[in-house]
Amino acid sequence: MSEGTFPRAVPDAAWVTIPDLHRDPFPIYQQMRREAPVHWVPAVNRYMVTSYTACHTIEQDAETFSADETDSLMKRSMGHSMLRKDDPEHKVDRDSYGSTLRPGTIKKHWNAIFEANNEKYLSELQAKGPGADFVWDYAAPYAAENLRLICGFHNATQEDMQRWSQTMIDGTGNYADDAEVWAKSAQSSAEVDAAIDEMLPLLAENPDHSLLSGLASMPIPLEAIRANLKMTIGGGLNEPRDVLATTVWALLNHPEQLASVEEDPRRYAVAFEESVRWVAPIGMYPRETTRDTVLEGVQLPRGARLGVVIGAANRDPDVFEDPEAFNIHRVKKPHLSFGGGAHFCAGTWVARAQVAQVALPSVFKRLPGLRLDPADPAVDAGWVFRGMTKMPVRWN
Amino acid sequence: MSTIIFTQPSGTTDAITVEEGTSLMRAAVTNGVEGIVGECGGQAMCATCHVYVRPEFAAALPEIADDEEEMLECTTAERTERSRLGCQIPATPELDGMVVDVPSDQV
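Residue numbers (UniProt numbering), protein chains in the order written: chain S, 1 to 396; chain U, 1 to 107.
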């Protein structure tokens with residue numbers, strides 16, 4: 001806000017509906033951003049923040065914009081994880097994850113496991129034959145199996161991981177307070193608790209590189225271990241699954257960019273980053289103001305529940321030229337898809353390794369002539385989380 | 001207070017006054033120095049505050065710890081023997097007048 005101007009009242013966006021957001025949020029974000037960086041949106045009962053600068057300001061100022069939201073659905077669904085804590089409490093939990101997710105451990109340990117899992121699930125997709133679904137027959141089980149081993153759930157299956165992840169995420173988004181959604185979420189939460197209780201003593205005896213193994217020897221309260229693992233099951237599955245499918249979908253829809261990537265495989269990493277900018281797998285996350293404040297000229301009261309709309313910030317024309325286009329050749333600028341500040345995604349390097357380094361190059365090598373099924377169109381959907389919900393493919 | 005001079009690939013410079021103990025990354029981000037991103041807020045997790053330190057100041061820098069070493073392998077611009085992460089260098093009186101070069105690419 002420049003000196004001498006008064007903060008403006010928050011505009012009301014009563015025209016925004018959840019079904020429209022779910023189908024395609026991007027035209028809605030364009031209109032909102034043109035009007036103001038922040039809107040009150042009655043349909044989602046939040047202030048939605050859509051400009052890059054405003055989202056970036058929130059990420060860098062945890063004192064004014066707290067992650068510890070009142071009446072958080074995520075806390076009810078998964079417990080009070082590090083994602084809903086501020087420093088210094090957040091840092092204790094974050095540090096408890098140790099080196100498991102860091103680039104050195106990925107290089108020394110996880111990459112070989114990701115490659116073996118990729119081989120297995122890509123072979124299963126091939127065995128199903130043309131017409132198989134890229135998301136559900138490959139990307140989802142591949143991401144789930146990687147996550148199962150990273151977490152240390154040697155007593156569960158990748159199908160368990162998928163069920164736990166989806167039902168608990170459904171709980172975190174259960175704004176309609178649907179009793180059946182809560183019941184399924186609670187059932188998964190109890191199953192995860194039981195699996196953790198069983199694994200901790202086993203991993204204390206036989207340590208490995210997993211998160212639970214590291215936690216087994218640390219003085220971290222069981223309640224925090226449970227909540228953080230549930231958050232990790234949620235975030236660690238659909239994000240790599242969705243970015244993998246979205247990137248392949250984008251490249252198949254832009255053959256000249258696919259040719260450019262195949263010519264120089266180092267560009268798979270660029271395609272990955274452009275894909276997460278273009279369609280952020282986590283489209284929105286919550287924050288809550290700790291005091292009356294002015295955000296990008298807009299007045300917000302203390303206790304305001306915010307939706308930080310990364311999916312909109314990443315397409316802000318003030319920062320990205322021609323932002324609605326998928327373009328791996330664009331001038332590189334930092335996107336906000338992995339979050340920023342203390343909550344910068346702990347799984348960033350794992351996602352880059354399993355998707356950009358391992359999966360993407362082998363998908364296009366192993367499936368020559370890969371194309372979308374013209375008879376059965378792919379579907380992209382969602383706004384809090386966005387990705388491909390259906391993607392039948394064919395190959396030669 | 002120390003003055004740190006950030007030099008862009010184009011040759012333009014920003015001389016920033018940094019309070020003792022504040023990291024070069026935090027000072028650069030707060031003062032809007034172009035090309036220093038600091039995505040992860042200073043936990044040596046993102047490698048987007050990569051800088052090249054001029055050799056005459058190398059001896060006054062803290063040693064490279066394991067986390068920093070690991071992230072320096074992940075920089076977008078080429079890692080050289082002068083590469084450091086700005087978030088791991090707190091300003092000290094010995095660093096007054098230090099010149100660091102901002103790499104061509106950070107993301």
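Simulated from the structure, these hints should not be mistaken for laboratory data. Every residue gets a Cβ at the ideal spot worked out from N, C-alpha and C, and that includes glycine. Please note: incorrect hints may appear among the correct ones.
Among chain U residues calculated to face chain S with C-beta under 7 Å, some are [unchecked claim]:
1. E39
2. G41
3. M45
4. F57
5. E70
6. L72
7. V107
Here's how the hints hold up against the structure:
With a cut of 7 Å, the hint placing E39/U at the interface with chain S holds, because the nearest CB-to-CB distance is about 5 Å. Because the smallest distance between the Cβ of G41/U and any Cβ of chain S comes to about 4 Å, under 7 Å, the interface hint for this residue holds. At its closest, the beta carbon of M45/U sits 6 Å from a beta carbon of chain S; the interface hint therefore holds under the 7 Å criterion. At a threshold of 7 Å, the smallest CB-CB gap from F57/U to chain S is about 27 Å, leaving the interface hint violated.
With 7 Å as the threshold, the beta carbon of E70/U comes within range of chain S, its nearest partner Cβ sitting at about 4 Å, so the hint holds. Below 7 Å, beta-carbon pairs count as interface contacts, and L72/U has none with chain S, the closest being about 10 Å; its hint is therefore violated. The beta carbon of V107/U is positioned within 7 Å of a beta carbon in chain S (closest approach about 5 Å), and the interface hint is therefore held.
Consistency with the previously given hints fails for numbers 4, 6, ordered from lowest to highest.
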